[in-house]
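J.: Listed below are the residues making up each chain.
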Amino acid sequence: MIISVASGKGGTGKTLVATSLAVSLKDKCSLQLVDCDVEEPNDHLFLKPVIDKKEPVAIPVPKIDETKCTFCGKCAEVCAYNAIAVLPKNVLVLPNLCHGCGACSYLCPEKAITEEDMIIGVVESGHAGNIDFIQGRLNTGEAMPVPVIRKVKEKVSPDKTVIIDISPGTSCPVVESVKGSDFCLLVTEPTPFGLNDLTLAVETVRKLGILCGVVINRAGDNQGKMEAYCREQNIPVLMTIPLDTEIARLYSRGITLAEGMPRWQEKFESLFRHIKELVDERSSSLKR
Amino acid sequence: MKIIITSTAPNLDAEIDPRFGRCQYFIIVDPDTMQFEALENSSATAGGGAGISAAQSIVDKGIEALLTGNCGPNAYQVLSGAGIKVITGVTGKVKDAVENYKSGKLKADSQPNVRAHFGSGGGMGGGRGMGQR
Numbered sequence: 474m475i476i477s478v479a480s481g482k483g484g485t486g487k488t489l490v491a492t493s494l495a496v497s498l499k500d501k502c503s504l505q506l507v508d509c510d511v512e513e514p515n516d517h518l519f520l521k522p523v524i525d526k527k528e529p530v531a532i533p534v535p536k537i538d539e540t541k542c543t544f545c546g547k548c549a550e551v552c553a554y555n556a557i558a559v560l561p562k563n564v565l566v567l568p569n570l571c572h573g574c575g576a577c578s579y580l581c582p583e584k585a586i587t588e589e590d591m592i593i594g595v596v597e598s599g600h601a602g603n604i605d606f607i608q609g610r611l612n613t614g615e616a617m618p619v620p621v622i623r624k625v626k627e628k629v630s631p632d633k634t635v636i637i638d639i640s641p642g643t644s645c646p647v648v649e650s651v652k653g654s655d656f657c658l659l660v661t662e663p664t665p666f667g668l669n670d671l672t673l674a675v676e677t678v679r680k681l682g683i684l685c686g687v688v689i690n691r692a693g694d695n696q697g698k699m700e701a702y703c704r705e706q707n708i709p710v711l712m713t714i715p716l717d718t719e720i721a722r723l724y725s726r727g728i729t730l731a732e733g734m735p736r737w738q739e740k741f742e743s744l745f746r747h748i749k750e751l752v753d754e755r756s757s758s759l760k761r
Numbered sequence: 019m020k021i022i023i024t025s026t027a028p029n030l031d032a033e034i035d036p037r038f039g040r041c042q043y044f045i046i047v048d049p050d051t052m053q054f055e056a057l058e059n060s061s062a063t064a065g066g067g068a069g070i071s072a073a074q075s076i077v078d079k080g081i082e083a084l085l086t087g088n089c090g091p092n093a094y095q096v097l098s099g100a101g102i103k104v105i106t107g108v109t110g111k112v113k114d115a116v117e118n119y120k121s122g123k124l125k126a127d128s129q130p131n132v133r134a135h136f137g138s139g140g141g142m143g144g145g146r147g148m149g150q151r
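Protein chains in written order, with the numbering used here: chain A, 474 to 761; chain B, 19 to 151.
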């Protein structure tokens, strides 16, 4: 079963939930924690994994042979990302905008374009105790996380319990990371921004046909609107984590909630059971 | 000799559009005769790389200089590669800018004056909270 942890708004507690869920379940099932927040992977700070494999991730970018090029402009015309500009006497390639789709080299009438690999990041795998740990890391200054996320996801073992930590937002990296999950846990906070971005995240996840549930983090007495939205949308609120400086203190020291306050382990285990029930319920209703 | 100006409307009385890649119109004008041609900027709504695409669309028009508000690094690279002088920080009406150019009051830049994506507007929602960025 694959559970992804997303949010919409940043800084709501995805890493807090993903790492504590992993730590709480590690002795109950065969577990894999996958950090797909490749622009800022943080789970390692809490899990302190031993990394025993690093594989570079590259995308093919065009290389132009100007002795063959006639400056016809076809490559710039077919580039959906405007990564090529054809000037009267030379061709400019902007590799940071290139998605590596290959259209330019495929369509060049002079066969003047070859592709060369440009390394944009790395996939690191290892283990933290009995947790199988995978993370992607996009190189600083690179603009495209999706190819790194794709490589990270090739390592997912669906026969295990997989927890995927996802970047904030609702754009391509999030879609790529959430895709294929059995369940998406949306971590939010009871603020107007939290609610606004939760709404966007719910729309995204629903469009992908993935079941979702909400965790309200930093809750106090102000989550009425959030709960009303969830009721109205028929989304279960599966856990509420209070606004508590002790939790923040543990977090700032790189200690998971499940380890720092062991009573939370039972809560995360019950969160997992609840998710499993919802997923089983859905798959049996789909079979019917 | 012709120059190109980013404009908010297709005439010489219009205000200059401060953006290059996502400007509404380009006005190509001959400063000596004030004869002009207005082109809609088809790159204004590009998903990404608007500056490059806009620059690409004007490199073969025999233009000496671009007058605009801001120009980012990617567009600057294409324009300067094509030998077009880039003059930023230009405001006011298009025709006044042409006059100022003619009288030598405007100087070309030797580098882009804004970062990439400067003129693409907000709404990207990139905030991550917790002071990570």
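Heads up, some of the hints might be wrong.
Claimed, not checked - Pairs of lysine to aspartate or glutamate residues, derived as EDC-like cross-links and limited to a Cα-Cα distance of at most 16 Å, are as follows:
1. A/Lys499 / A/Glu739
2. A/Lys501 / A/Asp632
3. B/Lys79 / B/Glu58
4. A/Lys547 / B/Glu117
5. A/Lys562 / B/Asp78
6. A/Lys521 / A/Asp632
What the hints assert, rightly or not - Derived coverage of chain B by chain A (criterion: at least 3 residues anywhere in the stretch with Cβ under 8 Å from a Cβ of chain A; other residues may be distant):
7. 22 to 31
8. 62 to 68
9. 110 to 124
These are calculated hints, taken from the structure and not from any lab test.
Beta carbons are placed, not taken as given, at the ideal position from N, Cα and C, and that holds for glycine.
J.: If you test the structure against every hint from before, which numbers come out violated?
T.: 4, 6, 7 and 9
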